[in-house]
Each structure stands twice: as structure tokens, then as C-alpha cells.
Amino acid sequence: MQRLDWTINAFSSTVMTVCMTVATVTAFMNVVLRYVFGMSVPWAGVLTAYLFIWSALFGAAYGFKIGMHIGVTVVIQNLPAKLAKWMLTINLIIMVVFLSVLTWWGMQFIHFSINLQQIDIDLRIPFWTIYLCVPISMGIAVYQLLRKLYLVLTIPTSRFSYDTVMKESA
Amino acid sequence: MTAITLFGLLFLLLVAGVPIAVALGLSTSVVILFFTNEPTLLIAQKLFISLDKFALMAIPLFVLMGNFLSQGGAAQRIIRFARALVGHLPGGLPMSAIFACVIFAAVSGSSPATVAAIGSIMMGAIKEDGYSPAFSVGSIVSSGSLGIIMPPSIILIVYGVTVDQSIGKLFMAGVLPAFFLGGLLMLVTYIAARRGGHKRQPMASWKEIWGSFKDASWGLFVIVIVIGGIYGGIFTPTEAAAVSAVYAFFATKFIYRDLSWKMIPQVIKTSAATAAMIMFIIANAMIFAHLLTTEQMPQDLANWIISLNLNMYMFLILLNLLLLLAGNFMEPSSLIMILAPLIFPIAVQLGVDPIHLGVIITVNMEIGMLTPPVGLNLFVASGISGLTLQETIRASMPWFFALLAGLAIITYIPWISLMIPNMIYG
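These protein sequence lines map, in sequence, to chains A and B.
The first sequence begins at 5 in our numbering and counts up one residue at a time.
The second sequence begins at 58 in our numbering and counts up one residue at a time.
Next up, chain A with everything else stripped away, as it sits in the complex:
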């Protein structure tokens, strides 16, 4: 179980970081090619955008682990621990349900794209492979939230605070 956890975290943070790096370099090279060498590379702009989107969605999934997603937490942070714990449990259940449904919709979207057989003209790869980031990243998000749910249900109320459950260091 611990190995699975390590693999999922390493996978999402690696995709996030590598895509960010490659996208930045591609975007920069594209500017250099255009202004210094007068070359136009049509696929570079598209590739930059897709890589940043992959980085963003996998980063968003990873963000659920480290509690990076901001919200209005004034209320929950100031409730008595017992009540806050309940509220967080309900929040997490709602989030797990929604993101699971979103993962399912994401898979339908992939299915739909495979049937359309559309191909990205610039990169010459089928669109559905690019869209794969939606269901995979949302699936990882569900996993991270289920872990949080387990954490909030097992932590003793005396040690509970919103931050200890939601914010784990990377």
C-alpha cells in the first residue's frame, strides 16, 4: 500500500514537473526560432499548450495531497475540533463523489473522442491520447481525497486540525 502511494505521488509530481520544464523550453525555443531564424514551427505552440495543461491537471491532482487548493477556510478553521472534523468528513465525501463522477465523464469523453477518430494536425497524434490527462488526473485526485478521508476518520479528535489533515509536506 505504501509503495502504491509512493508510486502515485512520484508519478503525478514527475509528470507535473517534467511537463512544466519541457513546455517552458519549447515555448522559449519557438520564440527564438521565430525571431532569430525566421522559422515558423506550427506544432510548438500546440505542444506548449498541451504540456502546460498536463502539468496543470496532474499538478492539481498532486495539489490535493499537499493541500494546495485554496478555499474559504475561515469557518472550518475556527470551529471546535469535533465539529470541524465532521464538516471536513462531509466535504471530503462530497468531493470524492464529484471527482469520481468527473473521472467517469472524462472516460466517456475519451470514448467519444476515440470514436470520432480525430487527429491533431500539428502533432499527428490522435486527440484522445492528449485528452487522457483528464480522467487519469481526476482519478488520482479521487485517490488522494480518499486517503484524506481515511486520515480524518482515523485521527483522534485531540490531534485534529484542518491543516494536519489537509496539508502534507511534499
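These are computed hints drawn from the structure, not numbers from a lab.
Accuracy of the hints is not assured; some may be wrong.
[What the hints assert, rightly or not] The calculated lysine-lysine pairs, modelled on DSS-like cross-linking and capped at a C-alpha distance of 30 Å, are:
1. Lys-326/B with Lys-264/B
2. Lys-171/A with Lys-86/A
3. Lys-171/A with Lys-319/B
4. Lys-326/B with Lys-171/A
[Unchecked claim] Where chain B lies over chain A, by a calculated footprint (3+ residues, C-beta under 8 Å):
5. 9-21
6. 27-40
7. 57-66
8. 69-78
9. 94-103
10. 110-124
Nothing here was measured: the structure is a model prediction, and the numbers come from that model.
Backbone N, C-alpha and C define an ideal beta-carbon position, used for all residues, glycine too.
Got chain A sorted already, so can you dock chain B onto it with the hints?
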């Protein structure tokens, strides 16, 4: 009915502490599922498609640029330059801190990063020079907030993408208001310091001014890339962001040598995580905005407001009040994504310039960063200075009021915002 369900659900989820991105996506999905005939597949598709805009790619790139340049050396060198320029005036040290904040805002593109970088160096120095801790904290908290109006500004990109306006124009529109507000803050400092009778620093020699400028210029060059590049029509904002991100890496790594190879993956990882957080809100907010438009809610709201016979000036007062109030509870970019699609059609019908509107909204958000409970700058500053949150708030009061006055002036004199963009884009 749809509107009540949508906003009611969103409000409920937000108050319960559900992350903003999820609250937006969830409330929209529920409404789409139960009140419309749109396919649910569309929601998953929108998650991807709404991020597929070249203008948005400037956000991760500017975050990366700011994080590289915040790694140490650049802030220190900019401070030295600022001190050489204005350090000899009354209130010299806090004045230099404000000046350094204005410059660093243009280099980092982020308000909290500006407060952290300049504050961690200057707060101690200001205190040592005999100013009250309130003086040092107050001036830096407030001037750090200029980060979101000074280009490159992520908030302005978010506004531009949400309401479909030119980001280049918005960036240019932010320059003069940023200097104007910076000037107001320095004026308050000048007056307060003269009253306090603080001792003055000797004037820096020309040699020191030139030397400090030369040393800081490697960092300052990103201002040339971003503002100059867009101003001169050479780069689009995204291209400027790509060049300055890579440039920031080179300057920090090879010229200032503030970056070890080991730190680089960490900097990229932190930047990617920050960018992902913003982009995930954007993706969900776009689905939300899409629903608003298909249900014609902004039009309905606009018609209702117009039927009240408000004139533009009344509307702008109400707008400022609404934004200042809302800015107390939510972080700027999410707030803009929720409110801008609603406000925009009304404002345009009443004759407010779309670019000017972006500046007004951003200045409001800036002030929101100084007010609890979500004043990000306050938390950063109280963390660095060791003052409590209450003390930090009290300390920033004089500058806070200066910013409010500045907001009023910027709201009612569109020229300040529109002069530069009109000059360039005609």
C-alpha cells in the same frame, strides 16, 4: 431558479471550506445535470478545452520567472539600487522599501512574493534605523500589494482571459496606476517620517547609484523584456513570459549564482504546483462562466441593473464597495473569475471601458490583500515581522487609506489607466 440553485450551492460549498476550484465545478455540474439538456461529457471536455488558450500559458511561465528571481540575490540588489536613489529623503529607508517593492513587483509578478522578498530584508533594516516596527511592516505590506497591478500580473491575465480582452493592453494599462499608487504610498511615508523627525541618511554618490544600478540591471532586464517587449509590439505576453522565464533562470544561475543545480528541480516543482492550483481554478471557473452565459444570467442581471437607472458613477461606487467587501473573503484570481463575467456586460453597457474596468477590479483586489480574513500579504508580513495579525493590520492603516484614495482617483480618472494603452494601440 437555476441562478438561485447555482449561486446558493456555490455559496454553501465555499462557506463549508470546499476548495474554490471544486466548489465551482461541482455547483456548475449539478445545475447542468438537473436543469439543462447539455451533455455531461461537456464538463470533462471543458476541463481541458478551457485551458487550451495560448494566452493562459503566460501564467505558469510568469510564476516560474518570479520563483527563479525570488531565490535571493535579485531582491537584495534591487534594494541596494532603491536605497541609492531615494534613501537620503526623509523616511528614506521605508521609502526605498516601497520603491524596491514597485520594482520587484515588475520582476516577480506576485504580491505575496514581493512582501516576502523585500520584507525579509528591509523590515529588519528599517527597525534598526529607529523606525517603529509598525512603520516598517505597514509600508511593506501595502506596497507589496502593487505586485498584482504592475505587469506582469497574473490577475490581469485572468481578467483578460475571463472577459476576452487583450492582455497586452491590460498590462500596459497597469503601469501608470502602479507608479501612481507607489507614489501615493511614498508620499504618506514622507509625511509620516517628517512628522516623526527621523534621522536622514546621507545621499548616495553617483558612483554608488551607477554601481548599484549596474549590479541590479541583470534582474531589472526582465522589466525590459516584459514591458518593453509588449510596449514595442515585439512579443505577445506569452512570448514575453517564455523569454523572461528562461532569462530569469540564466541570470539567477549563471550571473548572480544564487541557484545550485540541486535547487532547480525544487523551484520548478513549486512553480508547477502554484501554476496548477491557479489553472485548476480557471478550468472550473470557465465551466461556471459557460453556464452563466448559456443561461443568460449576466444579461438578465445587466437588464435589471440598467432598469434601476443607475448612471456610470453610481455604478462604479457600488462596484468598488462590492469588490472591497468580496475581496475580504476570497483570493483575487478566483474572485475575478466568478464576478467578472457578471459585472462585465453591465459595466460595458454603462459606458465603462473594458480595460479600465480591469484596472479598477485589480486595484480593489490589491486592497483586499490588506484586509482580513484573506489578506494574504498580512499573513506573510506578520510571519516575517513577528507582529500579530492585529498589530500588522493597525500598522498598515495609513497606507491602506492612501490606497483607498488612490482607488477612488483611478476609478474616476480613466485617463491614468488608458493613457499608455491608447498611445500604443491607438
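Assertion that chain B covers the region 9-21 of chain A - criterion: three or more residues, beta-carbon distance below 8 Å: As far as the region 9-21 of chain A goes, the hint holds, because 3 residues have Cβ atoms under 8 Å from chain B.
Three residues minimum, CB to CB under 8 Å: does the region 69-78 of chain A make the cut for coverage by chain B? Let me know. That given contact holds, which follows from 8 residues of the region 69-78 of chain A lying within Cβ reach (below 8 Å) of chain B.
Taking beta carbons only, do three or more residues of the region 27-40 of chain A come closer than 8 Å to chain B? The restraint on the region 27-40 of chain A holds, since 8 of its residues have a Cβ under 8 Å from chain B and three suffice.
Tell me if the straight-line CA distance from Lys-171/A to Lys-86/A falls inside 30 Å. With a Cα-Cα distance of about 19 Å, the restraint between Lys-171/A and Lys-86/A holds, given a limit of 30 Å.
Given the hinted pair Lys-326/B and Lys-264/B, is their alpha-carbon gap at most 30 Å? The hint is violated at about 40 Å.
Next pair to validate is Lys-326/B with Lys-171/A; report whether the Cα-Cα distance is within 30 Å. holds (17 Å)
Are at least 3 residues of the region 57-66 of chain A within less than 8 Å of chain B when you compare beta carbons? holds (count 8)
Taken at face value, is the distance from the CA of Lys-319/B to the CA of Lys-171/A at most 30 Å? Holds, because 24 Å separates the two Cα atoms, which is no more than 30 Å.
In terms of beta carbon proximity below 8 Å, does the region 110-124 of chain A have 3 or more residues touching chain B? holds (count 4)
For the region 94-103 of chain A, do at least 3 residues have a Cβ located nearer than 8 Å to some Cβ of chain B? holds (count 6)
The earlier numbered hint that this structure contradicts is number 1, and it is the only one.
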